[in-house]
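For chain A, the structure is supplied; the task is to place chain B on it using the hints.
Line by line, the protein sequences give chains A and B. When the first sequence is numbered by my numbering, its final residue is 401 and no position is left out of the sequence of numbers. When the second sequence is numbered by my numbering, its final residue is 400 and no position is left out of the sequence of numbers.
None of these hints come from the bench; they were simulated from the model. Please note that a few of the clues may not be correct.
[What the hints assert, rightly or not] Going by beta-carbon spacing under 10 angstroms, a handful of chain A positions derived as facing chain B:
| id | residue |
| --- | --- |
| 1 | Thr-199 |
| 2 | Ile-282 |
| 3 | Leu-290 |
| 4 | Ile-292 |
| 5 | Asp-333 |
| 6 | Ser-335 |
| 7 | Gln-341 |
| 8 | His-342 |
[Said to hold, decoys possible] Here are a few chain A residues that sit away from chain B, every Cβ distance over 12 angstroms (derived from the structure):
| id | residue |
| --- | --- |
| 9 | Leu-99 |
| 10 | Arg-351 |
| 11 | Arg-370 |
[What the hints assert, rightly or not] Each pair of labels, with its calculated beta carbon distance range:
| id | chain 1 | residue 1 | chain 2 | residue 2 | range |
| --- | --- | --- | --- | --- | --- |
| 12 | B | Asp-127 | A | Ala-316 | 48 to 58 angstroms |
| 13 | B | Arg-130 | A | Leu-47 | 37 to 47 angstroms |
| 14 | A | Pro-101 | B | Arg-84 | 44 to 54 angstroms |
| 15 | B | Arg-382 | A | Gly-44 | 31 to 41 angstroms |
| 16 | B | Ser-397 | A | Lys-307 | 51 to 61 angstroms |
| 17 | B | Glu-278 | A | Pro-182 | 36 to 46 angstroms |
| 18 | A | Glu-87 | B | Glu-331 | 24 to 34 angstroms |
| 19 | A | Glu-364 | B | Glu-393 | 51 to 61 angstroms |
| 20 | A | Gln-230 | B | Ala-220 | 50 to 60 angstroms |
| 21 | A | Gln-267 | B | Asp-96 | 57 to 67 angstroms |
| 22 | A | Lys-307 | B | Tyr-209 | 36 to 46 angstroms |
| 23 | B | Arg-55 | A | Pro-101 | 51 to 61 angstroms |
Since we're looking at a predicted model, the values are computed, not measured. Backbone N, C-alpha and C fix where the C-beta goes; we use that ideal spot for every residue, glycine too.
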Amino acid sequence: MSFHISPQGAKCRARLASGRAFAPVELARQLAWSRREFIRSAAGVALGGFLPPSSLIARAGIPVSKRKVVVITFGGGARDQETFAPEGQENIPHLMRELIPQSTFFTQVVNRGILGHYVATASLATGVYETINNFASLPPEHPTVFEYFRKDLKRPASDAWVVAPSNGFNRIGESSHRSYGPGLGARVILPKHLLSAATSGGTDYEHLLRDNYETPFYTPEVGGSEFALQQLGMMLKLSVDDFKAHARTLSSPDELSVYIVRQLMRQLAPSLLWITMHDIDIAHSGAYSLYIDGIRRTDRLCADLWKTIQSEPEYAGKTTLFILPDFGRDSDDDSGGNGFQHHRTGDALSRTTWMMALGAGIREGVVFDRSMESTDLVPTLGSMLGFSASLAQGKPIPELL
Amino acid sequence: MLPSDLKPEQFNGYPPEARKLVTAYVAALQRLPLSFLPNLLREAIEYDFKFPAERRALEKELANLSSLSAEQMKDWLLGFAQIRLSFQLEHSDWVDAPGQFVEQLSSYLWTTHQLDAFRIAALAYADRLRAAVPPEKPPAPRLGITVIGQGVATHDEPLFRKLRPHGAYFSGIQPENGLELLLHAVAARAKAHPVPYGHWYIDGGQAAYDPALTCVSYHALEPARAVLSAKIRAQIERPGMGPEALRTQLAQLRPADLGLGLGGDAVLDRFQIKMLTEGSGTQVFSTTFAQWTAREALRRAQPLTLLVRFAPRQRQKPMNEMLSAGHDVAELDPLGSLIDADMGAYYNWLNLQRLPGAEQSSFLVWFEGHSEALAIGPSLPRGTKSDAAFSLEHLLSWAS
Numbered sequence: 001m002s003f004h005i006s007p008q009g010a011k012c013r014a015r016l017a018s019g020r021a022f023a024p025v026e027l028a029r030q031l032a033w034s035r036r037e038f039i040r041s042a043a044g045v046a047l048g049g050f051l052p053p054s055s056l057i058a059r060a061g062i063p064v065s066k067r068k069v070v071v072i073t074f075g076g077g078a079r080d081q082e083t084f085a086p087e088g089q090e091n092i093p094h095l096m097r098e099l100i101p102q103s104t105f106f107t108q109v110v111n112r113g114i115l116g117h118y119v120a121t122a123s124l125a126t127g128v129y130e131t132i133n134n135f136a137s138l139p140p141e142h143p144t145v146f147e148y149f150r151k152d153l154k155r156p157a158s159d160a161w162v163v164a165p166s167n168g169f170n171r172i173g174e175s176s177h178r179s180y181g182p183g184l185g186a187r188v189i190l191p192k193h194l195l196s197a198a199t200s201g202g203t204d205y206e207h208l209l210r211d212n213y214e215t216p217f218y219t220p221e222v223g224g225s226e227f228a229l230q231q232l233g234m235m236l237k238l239s240v241d242d243f244k245a246h247a248r249t250l251s252s253p254d255e256l257s258v259y260i261v262r263q264l265m266r267q268l269a270p271s272l273l274w275i276t277m278h279d280i281d282i283a284h285s286g287a288y289s290l291y292i293d294g295i296r297r298t299d300r301l302c303a304d305l306w307k308t309i310q311s312e313p314e315y316a317g318k319t320t321l322f323i324l325p326d327f328g329r330d331s332d333d334d335s336g337g338n339g340f341q342h343h344r345t346g347d348a349l350s351r352t353t354w355m356m357a358l359g360a361g362i363r364e365g366v367v368f369d370r371s372m373e374s375t376d377l378v379p380t381l382g383s384m385l386g387f388s389a390s391l392a393q394g395k396p397i398p399e400l401l
Numbered sequence: 001m002l003p004s005d006l007k008p009e010q011f012n013g014y015p016p017e018a019r020k021l022v023t024a025y026v027a028a029l030q031r032l033p034l035s036f037l038p039n040l041l042r043e044a045i046e047y048d049f050k051f052p053a054e055r056r057a058l059e060k061e062l063a064n065l066s067s068l069s070a071e072q073m074k075d076w077l078l079g080f081a082q083i084r085l086s087f088q089l090e091h092s093d094w095v096d097a098p099g100q101f102v103e104q105l106s107s108y109l110w111t112t113h114q115l116d117a118f119r120i121a122a123l124a125y126a127d128r129l130r131a132a133v134p135p136e137k138p139p140a141p142r143l144g145i146t147v148i149g150q151g152v153a154t155h156d157e158p159l160f161r162k163l164r165p166h167g168a169y170f171s172g173i174q175p176e177n178g179l180e181l182l183l184h185a186v187a188a189r190a191k192a193h194p195v196p197y198g199h200w201y202i203d204g205g206q207a208a209y210d211p212a213l214t215c216v217s218y219h220a221l222e223p224a225r226a227v228l229s230a231k232i233r234a235q236i237e238r239p240g241m242g243p244e245a246l247r248t249q250l251a252q253l254r255p256a257d258l259g260l261g262l263g264g265d266a267v268l269d270r271f272q273i274k275m276l277t278e279g280s281g282t283q284v285f286s287t288t289f290a291q292w293t294a295r296e297a298l299r300r301a302q303p304l305t306l307l308v309r310f311a312p313r314q315r316q317k318p319m320n321e322m323l324s325a326g327h328d329v330a331e332l333d334p335l336g337s338l339i340d341a342d343m344g345a346y347y348n349w350l351n352l353q354r355l356p357g358a359e360q361s362s363f364l365v366w367f368e369g370h371s372e373a374l375a376i377g378p379s380l381p382r383g384t385k386s387d388a389a390f391s392l393e394h395l396l397s398w399a400s
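If we strip away everything but chain A, and leave its shape as in the complex, we get (with noise of 0.2 angstroms):
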């Protein structure tokens, strides 16, 4: 008998009836230890130690008033063997060369929630494991970093942004929490919204809009077309025909993404900024050569917001950026799975990740490979930036304050 598990709402199958019995946690600390090993070696990064506590704000000599810190999610899901094993770096030649000499890197981030992409980035924005529904169009259930950040600062609604590939994730912004929630939350973009909303789904553009590769059927609608346009024009100081035109220079939805993400650093400047990538998603697709294509386009572009971010005379010097995955893909090892293609099996790779950090008050050319959790996140921001992220569960990570 096979046995058939598929991530909360997913409604697909893995199985589970073969294999022998594994430790996650051992194969969690080998993966840790693999990564840090490469990069170490071809990175030339050290390992880093006990670090004595001690004030990121001193140390980067800006007012945490100032401060600003942009996430981008590494997001679609990547495993090792196609990015930090050795036989996957030919595909993140700019994290490897250029970003993580720059950063601090965790080995071993681990995500012990739901592997869909919608609830997991979620609860990497609530620091709370959230269990809503993957596929619904409902709010977090637990303050978001954007409400937190927003309400103990007292900051306007135009200072946190998200800017998120799918039509699913357009109530990340905020929450339902009764003590937050409506107002309190980040401003989210949809750039495909937008670009449907610009040229009413015109052929030119098909190749951006494509959306929800976990259940490619199906893609839920979000309406305010008008409203859509009115962010564009008066936010973004995007004309419909400049915003078209550029579109159609653009080869995926990320790409589109980043194009949005340039424009609002130039015209809003938030200080909290949210970025969330979905093209190595592919991978449901089952087409192996679409997936490391997504990789590669991921890697660019991650070191082209990197380098956004030291020319913008808004961001440059007072910005602390984060890159982490919002979890990984299904092991080649677990027969439950069809490896590369789906994170259904809830196995220690699909659930072991990374993150780096770099930019203002952050070291750079460290590994540190202890065990830390994806809700983590949460919390080291507030510390950073000076709010309490109080019903969040996880805990600052002392390395980065």
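Okay, now just chain B, sitting in the frame of chain A:
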């Protein structure tokens, strides 16, 4: 309802062979935890449409469960018994719709953070079952053959990188009549070892039909794929339809719904339907179809011989466009398909290795029309290279 309340007449809705099987074991089923039983029933309800290897495995599993004492049963299934279930799950129709129960159970396990506990219980059970009821050894060593790269003239990246450590790489293969030769070898094995569903030929394009083989091809299923695409488009336009409801609808499709079922092989028809309705990407990419079908054929039918030939898939486009099944000739992506198929070959080998008798099995992958191939077998050295001139016949004789 709980398993202890089960009665034989509750299986009246099952197909005849399945009903006969489970009613013979009702006493054993009554002793199973609810977190376990519907998974078993999900397999049993399909018994009439299962391959012989699957049937035998299920029969043995039921017989084994039936033979366990109360103490042994408790010990074997302790991990499952500790899974907490909801009132809603307990009161769902898990006898008649075990598949839907398992779908709901999956969601519930993720949501309640019990997935890891379930995984541990499942793996422990599988290990014990394998020890108590060892898998059947094949009557002859298995042979897997994968042909990749159809339509590719040149390429830059090295091929078979994941497989090279496990076998011998050849760069001087004589490619003339290679496909015919391989088909002939597979047909000869089928005649030498006539086992039902024991020798398969899966083609991502158009297959050369051979009555001695179980043939599945992406091209032959084109009418079924068109009907399926139309049904999907109609479903997603319905108000209130979401991915979960769509998934349930697809799972309920039968061969006749997609224009199949006229060929007289109900087992193979049901298998092909599942490839299209349960596989992800199989409806739009021929490379995905070939890989997933090979995986499922190996897992379920446990064939002695499997020949998989990948064909170029259509170039990536937005999903709606790929599903529209227009009459225009799809633009192909041969180079991307070569990369897909190279990985697919690795997965075919991995899945072959998961079957009983893996230590005696052989594997051959060939870049169609070219001089590159790789062979893996008990007598072939690992991690070696040769640029000497050989035919595919040589490789087959060394590998097997």
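Hint check:
no.	hint	result
1	Thr-199	violated, 13 angstroms
2	Ile-282	holds, 7 angstroms
3	Leu-290	holds, 6 angstroms
4	Ile-292	holds, 7 angstroms
5	Asp-333	holds, 8 angstroms
6	Ser-335	holds, 5 angstroms
7	Gln-341	holds, 7 angstroms
8	His-342	holds, 7 angstroms
9	Leu-99	holds, 25 angstroms
10	Arg-351	violated, 9 angstroms
11	Arg-370	holds, 21 angstroms
12	B:Asp-127 to A:Ala-316: 48 to 58 angstroms	holds, 57 angstroms
13	B:Arg-130 to A:Leu-47: 37 to 47 angstroms	holds, 41 angstroms
14	A:Pro-101 to B:Arg-84: 44 to 54 angstroms	holds, 48 angstroms
15	B:Arg-382 to A:Gly-44: 31 to 41 angstroms	holds, 33 angstroms
16	B:Ser-397 to A:Lys-307: 51 to 61 angstroms	holds, 57 angstroms
17	B:Glu-278 to A:Pro-182: 36 to 46 angstroms	holds, 40 angstroms
18	A:Glu-87 to B:Glu-331: 24 to 34 angstroms	holds, 30 angstroms
19	A:Glu-364 to B:Glu-393: 51 to 61 angstroms	holds, 59 angstroms
20	A:Gln-230 to B:Ala-220: 50 to 60 angstroms	holds, 52 angstroms
21	A:Gln-267 to B:Asp-96: 57 to 67 angstroms	holds, 58 angstroms
22	A:Lys-307 to B:Tyr-209: 36 to 46 angstroms	violated, 56 angstroms
23	B:Arg-55 to A:Pro-101: 51 to 61 angstroms	holds, 58 angstroms
Hints 1, 10 and 22 from the list above are not met by this structure, while the remaining hints are.
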